[in-house]
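S.K.: Residue strings, one per chain:
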Amino acid sequence: MRPAFSIIFLTTLTGAGQGLFLLLYATEMLHAAVTPGFYIGGSLLVLGLSALGLLASFFHLGHPSRSWRAMTMWRTSWLSREVIVLMGFLGMVLLYLLAHWSGLGLTAVLGGMASVLALGLFVCTGMVYVAIKVMKEWVSPLTVANFFLMGCASGATLASAYALVGAPDLVPHFIEVALIATLLALLGRSAALIRNARLKPTTTLQSAIGIRHPRIVQKAQGAMGGSFNTREFFHGKSDAFIRAIKPAFITLAFVVPLALLAAGLSRPWLLPLVFVLQYLGLLAERWFFFAEANHPQNLYYQIIS
Amino acid sequence: MTMRPLHDPMAKPPSQEPCVVRTTTCYMCACRCGIRVHVRDGEVRYIEGNPEHPLNKGVICAKGSSGIMKQYSPARLTRPLLRKPGSERGANEYTEISWDEAYALLEARLRKLRATDPKQFALFTGRDQMQALTGLFARQFGTPNYAAHGGFCSVNMAAGMIYTIGGSFWEFGGPDLERARLFFMIGTAEDHHSNPLKSAIAKFKRNGGRFIAINPVRTGYAAIADEWVPIKPGTDGALMLALIREIIALGLYDRDFLTRYTNSGQLVNQDPTSNDFGMMMRNPEGDVINPLRPHNFYWWDRHTAAPVATHTEGTDPALFGEFFMGSTPVKPAFQLLKERVYACTPEWAEGITGIPADTIRRLAHEMGVTARDQKIELPIAWTDCWGQQHESVTGSPVAFHAMRGLAAHSNGFHAIRALAILMSLLGTIDRPGGFRHKSPYPRAIPPNARPPKGPQAVKPNTPLDGAPLGWPESPDDLFVDEAGQPVRIDKGFSWEYPLSAHGLMHNVITNAWRGAPYPIDTLLLFMANMAWNSSMNTRNIRNMLVDKREDGEYKIPFIVVCDAFQSETTAFADLILPDTTYLERHDCMSMLDRPISEYEGPTDAVRIPVLPPKGECRPFQEVLIELASRLQFPAFTTAEGQRKFKDYPDFIVNYETAPGSGIGFLTGWRGKHGEKSMRGEPNPMQWEMYAKNNCFHHETLPPSYQYMRNWNRGYMQWAQQAGLRRDNDPIVIHIYSEFLQSFRLAAQGKRPGKQPPDNLRHRVDTYFDPLPFWHESLEQHQSDNVRYPLNAITQRPMAMYHSWDSQNAWLRQIHAHNYLYVNSATAQAAGVEDGGWLWVESQWGKVRCLCRYSEAVEPGTVWTWNAIGKSSGAWGLAADANESQKGFLLNHLISEELAANGEGQRFSNSDPVTGQAAWYDVKVRIYPAQPDEAKHSWPQFDTMKAIPGMGRLPAWLSFFAGKGGQ
Amino acid sequence: MTQLALVIDLNVCVGCHACVTNCKQWNTSGSAGPLLDANPYEADPTGTFFNRVQTFEVGTYPNTQTVHFPKSCLHCEDPPCVPVCPTGASYKRKEDGIVLVDYDKCIGCKYCAWACPYGVREFDEQRKVMTKCTLCVDRIYDEALPESERKPACVLACPAGARIFGDVHDPESEASVAISDNGGYALMPECGTQPANHYLPRRKTALKIQNEQLYRSANPLKVEGTAPLPPSSEDFAT
Ligand SMILES: Nc1nc2c(c(=O)[nH]1)N[C@H]1C(S)=C(S)[C@@H](COP(=O)(O)OP(=O)(O)OC[C@H]3O[C@@H](n4cnc5c(=O)[nH]c(N)nc54)[C@H](O)[C@@H]3O)O[C@H]1N2
Ligand SMILES: Nc1nc2c(c(=O)[nH]1)N[C@H]1C(S)=C(S)[C@@H](COP(=O)(O)OP(=O)(O)OC[C@H]3O[C@@H](n4cnc5c(=O)[nH]c(N)nc54)[C@H](O)[C@@H]3O)O[C@H]1N2
Ligand code: SF4
Ligand code: SF4
Ligand code: SF4
Ligand code: SF4
Ligand code: SF4
Ligand SMILES: [Mo]
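Protein chains in written order, with my numbering: chain A, 9 to 313; chain B, 3 to 968; chain C, 803 to 1040.
It should be emphasised that the hints constitute simulated quantities derived from the structure, not laboratory data.
It cannot be assumed that every hint is accurate.
[As the list claims (entries may be wrong)] Below 16 Å or equal to it, Euclidean Cα-Cα: the simulated EDC-like pairs (lysine to aspartate or glutamate) are: (1) K141/A - D880/C; (2) K208/A - E992/C; (3) K59/B - E951/C; (4) K234/B - E349/B; (5) K340/B - E1026/C.
If you're wondering where the values come from, they're calculated on a predicted model, not measured in any experiment.
Work the whole structure out from these sequences, hints included.
M.R.: Take a look at the structure:
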């Protein structure tokens, strides 16, 4: 696939926001001694990230003005569900924020609902990709799990950095959570990589054109200047680039953060940097997530002449 | 939430005028399908095949379906343009002028040339469908320097078959796939009969017919063949001879057909000392039937063992043996054929063609047994020219089709003659299931038109007394001067290319530039891209066009180009005449030229404009009528010296080939009220009647006239009366050609009359063999075949017409540039990568291009799609368009002349019999381009500038009829 | 239930692209249009086409098949492109099984194109909506057309008659008969999409000549007294 930056930003930003929110809510549930301001600021951060993600996603749409329609097909479409849950999550976080701000209480209930929505959103986002049956790289529970783990990891890293200002006492705890989440994310993502490396395509050129012969080679795809199908489904990068990006994102999104988070226990000023690095790593990870997926339609679009 | 769609997919576009539907004839290619053009709010909404049209019966091709985009091409020329005074030719700088100025300029120039030396004006046309008019114009002007694309296209096909069976493939006849069971397609990628052929092949396959393709490459038609027989280019002649040998050796030939309808049984003089050696024995007292073409031949009657007049009742000719007539040894022509092919074993052919001998044998068996055992018999009674009545029409279901893969080689004439003979052996000429003629064919062998006979035929202010082109029957018909030297600028009908029935357009520029045989003044090119894909040796040809004499004048002083688009050639014009497109003009596909005839009878067709001309465009037809009137050509002027025809439609209606002949350009609805067909007085309502009848006229012959037309008395009488034939004598197939022998006798000094110059005697002696033989192509013969081991050829892509369609926004998305297809093993051996850049080099030049591996090409052949590569900026394309940056033209590698022979003489790179351009003879080698070389094709030329009147290049095009294109 | 579809006969398709450009011209000025062409006269021209013809080579020289392969939306019976669409713009018509895009609902998210295994949807970069083969729904029901012409543009254009249009649920239809008689098959059956469009495979007509057939008593050579050699296992001609 050709990775679309709008979707990369949407999923990474909201993912971090969801992770951050889950941690905020957990903090509240564990009755940590922090001011409402911490939750308000945190919620603002969550809203900001998600809003940015949402904004980015609009760039993906041909007709953003009609985007409300995307909520209509929740019965069948995970994308529709994702939009609804995302809106619900944003709304609920906003209510949660207002509740903290107004001091009216109900934060536990609202936060709980928002957390459920955050979790649901991870599921929806993951399922958007799992639902594309033909994309073998995506059709795995690991997809949902990894969206969740990477959201939590980046959310927790962000939380630890954020806590530097709002709740310095919590920093070590957040770092611990971030370490665990990042480690799990590393495991989950590695598992997905290993799985995908072993995938055998069930769809072949033979089944694509219905001719049983071991040697079939395309000579013309019917459009020498390219078409939507040659643009949308190919990353357009060299094999060398693809080979390089895999270790790069693993290092940047997981290995370096693990090391620096540990170092962050003693050098907390590192934490904002860790978040930035991890986020960059996750951008690369998400880019690769799309690029790695080899759509069977590509069997039909291999060669011009 | 409503599930009802908001967008009603069945709604009509809002507030549009209803579509107006008009019928006309397509000209996105030379096939000439009937189309229905839907026009909405002044724009074409849809072009569909006309289901009522006999040719395409409703289907349409990729090009025809893209006609709309032709109208919006930015390359459209819209005003007459004169090369800017002081600017250099080729620099592409023009000023707009009015038509009045353009006419005045042309009139003055042409008037002077006509009054002094008409030869100084040369008119050459490309893929033109109005040769009846362009030819008439040249003839009336008095210049012999006229021809169309035929000479560089497929004159070998025309001549090879017409000199053998009186008809040919190409636009003159074809395979009866409706009834055939076995079909051999040889060297054809697309051909002129594009749509009908596709329909016929598909139907043939559905009906369980067996389809065998003989071609170095497997694409298009060959793709759906049941068997692909890869062959080395230029070797089909050897294959045909081996097949003939097998058929004869096994007795799989149709003896009844051969004896009655061919000259197989005719006795040939075998006395080597005689001046008539190799000529048919004739009975001076015998019945000549037609004094212009005497038929007083002999058979050797098997029953009486004595010579008899051919077709004598109750006799049966011997096909084999050697006999004596008096002291003269004689042999039946068929015996000579048998002797000729004796050494042509399948093993011999295998060594030449690369086709396993067993395969050759099997092919012969398949065709021979199918022809013999699956006879078709139609209960149609008919009478032959000798008066014998036949209860039925029989045929053999073995059909062939061949085109430029055979024709475009310097040995093509004989290969094609061999094919025609093979078809005749199987008895498949104008019979069901085999080859069928299309009117005006069959014609006499050879047809009656003769070229002018010598320099005296060209006189100031005087029309030629015949057509500029024709069909020589003997050396005396050659168009040469006292010294045997050519009179035509292209050296057509000279001893170098005696049977060049369609001229040699590919040598015009070189000859004119060199001034040999003489320099000319004005060259008018119509519908031909001679500075690009229609020339060989393109790079040098472009230089010749701008080369100057010592006095500073161009070597070709004045070049006029009439085109509808800015092509590579318009850049070399001094005067550009903007033509209309096919949707904007009247036109006719005349019986006097190459009509769209069907097997069942003559058919002609017209175009009627469906759109107004763009800008200042004028149909070239109108230009010719205007000039002919201004120059007061006799045929265009009344007895009182007045202009005879108002315009082209008026001309078409009222012109008659001779006063009162009743024969004009169109055969339909003649007679005062349109009550006559084929022949009759002019009918003022003729155009309207064509318009009402889907723009065609089809005369269905009675079934008894539809077959065996070479020898069908009823048909012959009808054809003569209809003006299709001058005579009504039978057209006996020339298995053995004494006409060819007459040239050989002249070369041997055994014949009075015109004599070849001494330096050509050997050449004529060699190639004017009365029986087909195979020889290496002339180019190959001269090439270093170790250094240049590969054959390079082109093919027609189905979705592009020559150079025309790169300007077409839809079609160019299908073929934006071209690759060189190389057999994977060959490419790997040369170190060339799939998709990589490589050099292709011939002894004449080299080009850099992209490679594509293929398993569908014979290892000794490389090929590419024809004419996709373009010069930068031409055709209204951006300077960096794929066509010029990744596309390439193979023509740079092909020379229009062969290397000089021992005497320093350079012949055209053409068939020595017909002058057919030998496009597919070139030998090449390939090697990879270096990694540091530029990643674009080579050669490149200066980017052509847009010229006044051309359109802009929109970044986006989203055509919606009635709302425009952007 | 009706399921309209195309049956494409690879046995006779010569790869002429008539169906490609005829589809374009019909649809660009029809209910699905206008269909964009970008860089129409520049480098790498590209545009919206509902139907493409591709070429494949099967096997190795000299046993090579060249296969021309036209492909447009297959109007799947279980079309993955429909349920994933978040707006309902992508839909399958109940009455005839045609899968369409509602251009007025489509937000251009391209998700449907991801779900389709066949690469037949094309995003229109100018109108910013997804487009695809409509099975010429604005032709096939047009009562202003004579019945014989109420067929998709590509079908009427195809010179080889390689495209059959009809109801594949009606076992009597020409399309169904063609499928069952000629071994019609669906693309990527493993995807479970149940394409309505089918393809007919290459069929080969062979001819076997027996040696005995070569030698007949009524051989014309005998007339001349030079009978051919009797059949032997290999070379008759020498
Ligand atoms: N779409 C489209 N249609 C066209 C045209 C066009 O440009 N585009 N041009 C029109 C014109 S002007 C013409 S003349 C006709 C030509 O129609 P075709 O005769 O079909 O022309 P080519 O494409 O030259 O095809 C030549 C074929 O011969 C094969 N070949 C080459 N050398 C040999 C050989 O030595 N032996 C054998 N057996 N095969 C050989 C090539 O591989 C190729 O398949 O097409 C007409 N129709
Ligand atoms: N390498 C190689 N070269 C070949 C061949 C080959 O097989 N291989 N084939 C040869 C053959 S067979 C042929 S016939 C020639 C092609 O012969 P040409 O007839 O020269 O074909 P084009 O090159 O397309 O040039 C035709 C010109 O006509 C113009 N034109 C199109 N429509 C109209 C119109 O309505 N009015 C006017 N006035 N002009 C119009 C086009 O713009 C173009 O400039 O190519 C030959 N060249
Ligand atoms: S085959 Fe030629 S004439 Fe017929 S529709 Fe196609 S382009 Fe037009
Ligand atoms: S082919 Fe693709 S677009 Fe068409 S119905 Fe099937 S899945 Fe949908
Ligand atoms: S692009 Fe349009 S049709 Fe496709 S899924 Fe999105 S909204 Fe639906
Ligand atoms: S059915 Fe209509 S829309 Fe579909 S490919 Fe054919 S012509 Fe195009
Ligand atoms: S129009 Fe017919 S023959 Fe031509 S490519 Fe399309 S399906 Fe094949
Ligand atoms: Mo041609």
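S.K.: Run every hint past the structure and note whether it holds.
M.R.: Structure-based check of all given hints:
no.: 1; hint: K141/A - D880/C; result: holds (13 Å)
no.: 2; hint: K208/A - E992/C; result: holds (13 Å)
no.: 3; hint: K59/B - E951/C; result: holds (12 Å)
no.: 4; hint: K234/B - E349/B; result: holds (15 Å)
no.: 5; hint: K340/B - E1026/C; result: holds (13 Å)
Hint compliance for this structure: no hint is broken.
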